[in-house]
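If you read the sequences in order, they're chains R and U. Going by the numbering used here, the first residue of the first sequence is number 1, and it counts up by one from there. Going by the numbering used here, the first residue of the second sequence is number 401, and it counts up by one from there.
It is worth saying that the hints were derived from the structure and are not from the lab. Note that CB positions come from ideal geometry on N, CA and C, so glycine has one too. Check each hint, because a few of them may be wrong.
As the list claims (entries may be wrong) - Derived contacts from chain U toward chain R, CB cut-off under 8 angstroms, selection only:
1. THR435
2. GLY464
3. ARG488
4. ALA540
5. ASN669
6. GLU670
7. GLY710
8. ILE727
9. PRO731
Stated by the list, open to error - One side of the interface only, derived from the structure: several residues of chain U facing chain R at Cβ under 10 angstroms:
10. MET570
11. SER588
12. THR591
13. ALA592
14. GLU624
Number of protein chains: 2
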Amino acid sequence: MTRFRSGYLWARLSVLLSLFFLPLLSVAQTALRGTGDLGIIIERAIGEVLIVETSGQTILGKVGGLGDLSHATAVFSRDERYAFVFGRDGGLSKIDLLSMKLVKRVIQSGNSIGGAISQDGRLVAVSNYTPGGVKLFDAASLKLVADIPATYGDKGQRSKVIGLVDAPGMKFVFSLYDAGETWVVDASDRTALKIRKFKNIGRLPYDGLITPDGRYYIAGLFGEDGMALLDLWHLDAGIKRILPHYGRGEKKLPVYKMPHLEGWTQAGNELFVPAVGHHEVLVMRAGSWQQTGKIPTYGQPIFVMSRPDGRQVWVNFAHPLNDTVQIIDVPSHRIIKTLKPGKAVLHMEFTPRGEQVWVSVRDANRVNIYDTATMTLLKSLPADAPSGIFFTARANKIGL
Amino acid sequence: MTRFRSGYLWARLSVLLSLFFLPLLSVAQTALRGTGDLGIIIERAIGEVLIVETSGQTILGKVGGLGDLSHATAVFSRDERYAFVFGRDGGLSKIDLLSMKLVKRVIQSGNSIGGAISQDGRLVAVSNYTPGGVKLFDAASLKLVADIPATYGDKGQRSKVIGLVDAPGMKFVFSLYDAGETWVVDASDRTALKIRKFKNIGRLPYDGLITPDGRYYIAGLFGEDGMALLDLWHLDAGIKRILPHYGRGEKKLPVYKMPHLEGWTQAGNELFVPAVGHHEVLVMRAGSWQQTGKIPTYGQPIFVMSRPDGRQVWVNFAHPLNDTVQIIDVPSHRIIKTLKPGKAVLHMEFTPRGEQVWVSVRDANRVNIYDTATMTLLKSLPADAPSGIFFTARANKIGL
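This is chain R alone, in the form it adopts within the complex:
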């Protein structure tokens, strides 16, 4: 711009140019960045998300007007530019992480609890309580592509839908809470969905998970002990019941919060699983699905999350012991560190190669960032009652 500094006319022009092109300049400044190190933090109470980056560990901005974000989750577009946020109130919001603007928002149901994005990134799926079912939206336009009512029984009842995940082969898998069913939807052709239904999987499935390779879908049961496993490579084999003693058991222990199954984790050949109602993390062998060990913990585990290299597992706990995080060393099954981030640790998210973990501490209004090698605090960022933390690397993962 130095060329404009000599002479009156150029000075005038310079002012004019600034006025007209300020918006353009600011776009250019915002835009010149990669999106591989971005993420969002849900500020649940005020309907906003913070946009953050993990290279310099800073807050870039915020986007508001997203409605009720209690229990909100998010997925990302395959180019890692857009976040799709699923709100409790049935709102589906598309956020541009570069311009930091709300691109579009649709209220797609009365009450929703989660979503997923298809393998090719072109379909966003939302699971709904009221009315019970799954809706598919075009990821570019957020236009409704398909409505899958979760009808069951002979009176046309509709069930709440839980445990929705994406799977390889353009599939979505989810379970019907009231019906005790798991459905596999093949969305390869969006104009002719193929739905396969598995009935009598067990009473009141309340959440589901898919293994990181996208092969096994497992639903947790609220109405009885045990879990329902579906091998997506061998659908004809149907549902298999595993872990017959997993659950609340005969004694109906006081369970402060049913653990998230998303919080199950695989490290090497072992699965680390929150026990229900016990102060324990259970260890299972992948493939055989047999319990091989248990690790006593500080409280009832909620999220049991593996560092991406599988060497450590980080655990947070249910109320009232939710001020603590414990770190398990995988080969020895020992707890090697107990951290006290503050009151109401709600969620944790690792950077994709695992050198950092971000921990939301709701009642302290901050997000703590830890170095996972030294297990020490690197930095805290201010956030209004933060809950879920989601990094764009999820766009590259099956089932996230």
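Once you have looked at the hints, place chain U on chain R.
Below, chain U alone, put in the same frame as chain R:
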């Protein structure tokens, strides 16, 4: 811009504005995109890379002036904006995928063969033949941070360095071809590197790999059969020899090209490994490292690559049978498809969630894109003698 269309003065101004701001406008247009779906294709003969995107499967542009790109590889910055390309001539080039410009290029040795990027994305490492050693560069500036000469023996000889990978805990691992050693460098403190050396690993290690979790480093041996395994979780256990019959064997079979170890692949608990000199893919059990099967193939396998969900393994072959790709179904170990992409299939890269695979066909001057579910050709893109294909999702992976 419609406001400028009325009146002579505005028309004049509009022309002026266009002239001065054209560069700025083009920056803004280039910049407004995510980087999660980008990649590069090496055009080996003309020292250029194509910049591509996998959502619409198009070529966005190209960057030239990169020197000798035979056998070139690349890694990506953690924000997925920059590619670091390692050329055969010792050139290290940093490319901006958004502006599609060469940011910086340094000739850092006489002859180099590969590189890696640290867990935190701040250090780029290059392994060199001449003079033998590893150099570390600051990823932002490409300034030299550390020089690690690969000296060995009692006369201060220097060895060629091969099999360089990054590992969790800010480590780099590589092997010394002439010395038969593996070194582990802890770069947590870039001003005080810690180096641990493992000697007598076997004769003439020619390549190395690290398992996807970053735990096991395995070097292949050119001078004898068998391989050298290092468990990075238990360094004190030292090098363990595995697969005693893996290699060229007593009969010294005609080996057209030693298979890349990067081409080893893990699908579930099984490793699929190219046999040396045989028309076979070997199957091994991870952990026990015992061979459990073998699959007859069309030619001598070079890259044996797992689709990200581990359901399929795609294989290409050595000259003169390098016009073919075969697809193995993992659970049945059967070849379910034989494709003929054209002469000189050199490399394959899956999109991170596995719905597409891009295949470079050097002598046909094109890259073929396949739908992995239907195993059919989606599209071909023109490219000048393409070799390596690298997508930005590698930024999020350990050891890539």
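I'd like to know which numbered hints this structure contradicts. Please list them from smallest to largest.
2, 3, 4, 6, 8, 12, 13, 14
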